[in-house]
Amino acid sequence: MKYLFIDSATANLVVAIIIDEKIKYFFNEHTANDTSSIIMKVIADAFKTANITPQELDKIFVSTGPGSFTGIRVGLTVAKTMAFALNVPVIPISSLEIIASSTPDNSNIALIDARRGYVYAGIYDKNLNNISPDKHIKLVDITVSGTYISYDNIEGAIKPNVDILKVIKKHENSSRVNPHTLNPRYLKLTEAEERLQKND
Amino acid sequence: MNILAIETSCDETSVAIIKDGHKEIATTILSQMNTHAVFGGVVPEIASRMHIENITIVIEDVLKKANMKLTDIDAFAVTYGPGLIGSLLVGLMAAKTLAFIYNKPLIPVHHIAGHIYANNLVKPLEFPLMALVVSGGHTELIYMKEHYNFQSLGSTLDDAVGEAYDKVARVINVPYPGGPLVDKLAHQGNDSYNLPLPLNDDSYNSSFSGLKSAVINLVHNEKQKGNAIIPENMAASFQNRVVEILTKKTMHALKDYNVKNLIVAGGVAANKGLRESLTKECITNNINLIIPEIKYCTDNAAMIGAAAYYAYKRGDQADLNLNAKAVETLK
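These protein sequence lines are chains A and B, in that order.
Per my numbering, the very first residue in the first sequence carries number 1; after that it's consecutive.
Per my numbering, the very first residue in the second sequence carries number 1001; after that it's consecutive.
Simulated from the structure, these hints should not be mistaken for lab results.
Treat the hints with care, since some could be wrong.
[What the hints assert, rightly or not] Below, computed lysine-lysine pairings styled on DSSO-like, alpha-carbon distance capped at 27 Å:
(1) A:K41 with B:K1325
(2) A:K48 with B:K1123
(3) A:K166 with A:K126
[To be verified] Which residues of chain A face chain B? A few of them, derived with a C-beta cut under 8 Å, are:
(4) A44
(5) L76
(6) T77
(7) V78
(8) T81
(9) F84
(10) A85
(11) P89
(12) P92
(13) Y151
(14) V177
(15) H180
(16) L187
(17) T190
(18) A192
[Said to hold, decoys possible] Residues of chain B clear of chain A, computed beta-carbon distances all greater than 12 Å:
(19) T1008
(20) H1036
(21) N1054
(22) Y1143
(23) E1146
(24) N1173
(25) G1189
(26) D1202
(27) G1226
(28) A1324
Backbone N, C-alpha and C fix where the C-beta goes; we use that ideal spot for every residue, glycine too.
Could you build all of it, start to finish, from the sequences and the hints given here?
As structure tokens, this is what we get:
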């Protein structure tokens, strides 16, 4: 089976091609604001290195957030468009679950900085079962104990070392999503919508 | 050559298939206008969110209308700027993905080149020509001696003309999007307010912030005196100054460059006052005037597909590193 994996929701862009449970290409670098200009080149490089064409793909796994709004959209637009055009099954994954795959611990608290004291947080056990749903929350309001993991500079957090094969294994048989309805999980309204809600 | 073009620079998700730069095979436009109206203007993050929700739906719709498959497409074109960066990125990523998976050329198109080439869908462009580009984000006079050769003679120094319309609309309590309604009101009112003719000089530049401020001050002063503003008359007075200065500068450029073809492009090309004034002057001065149908004036991907054909013939082709540009000069 030939799989493409994309996660562009965090400060690190992760792109991988997996063929028959083996990683044939793996890109995982801090790309921050350059993600939008380099992602397509990285994906092209991935197919070239793995020596397959997009038409041969059996599945696409893509992170739908939370994280950087623009970052999520960049990778998700690629996945949506590819899945639609080639009629390849696409499977959405939480960006926090991907981060949580970094350790074998039983309480992994994956965090993404959401500014002004807020984070996106999700808690997963060693088998990537979701213990506490992903949410937008104040960092100080997290009371659960566990291993803090984040690409961002959050006190006490270790840096992720994501285990893509573990994530894919967990989701390999998840049901496919219609590309038209595959959308970001922002977990946060836009500021304009928040203001409108307050005024109501 | 069949080009599939994508335009997502502001609040319209649009995809079109255009053959050889002039034949429109199919176009789909999904407007977000009603969503943004609640906020009194386009909210960039909401626009980006709606683009990603709709992009593949719009691509599928246009293919269905054209009765074509993606494998029938010879090249993919996209608006790369100027525009809202988050919005542009959705269209850009979709176009890059399609160009990559089908191994076809990726053609980057400047949004304003698109507006100009909307006219090529109506009638083949004749050169040399002068293009007056007027929209919510642009006010520019462009001289073209041949296909896809753009020389900017002047542009707005501050607000774009459409932007000034929207701001004036707010001051006289006309709901968003104000431009078309101000135009309508202007036709019901009289030019009774004393407003200045903005940047009335020999340059090809324009400036609308002074005129806009004059409207705001006048409304404010009248309110303090306890006098009611007559919106129809304010709209008429404002529109008359805008139309007069745009017409004057355009006719001046046509004469200086000895050009006999004028095209008007952009959303404000739908303005009735401007259409009437330019039509009258062009008849008097024996100028061949082309103004596209209203449907081609607002943002759409058909115009991008038309421009892309000539961009490609000029040798414009992007690699997969192509990035979106919020601000970009037409070259």
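Check the structure against each numbered hint from earlier and tell me which ones fail, lowest number first. 2, 11, 12, 13, 14, 16, 19, 20, 21, 28
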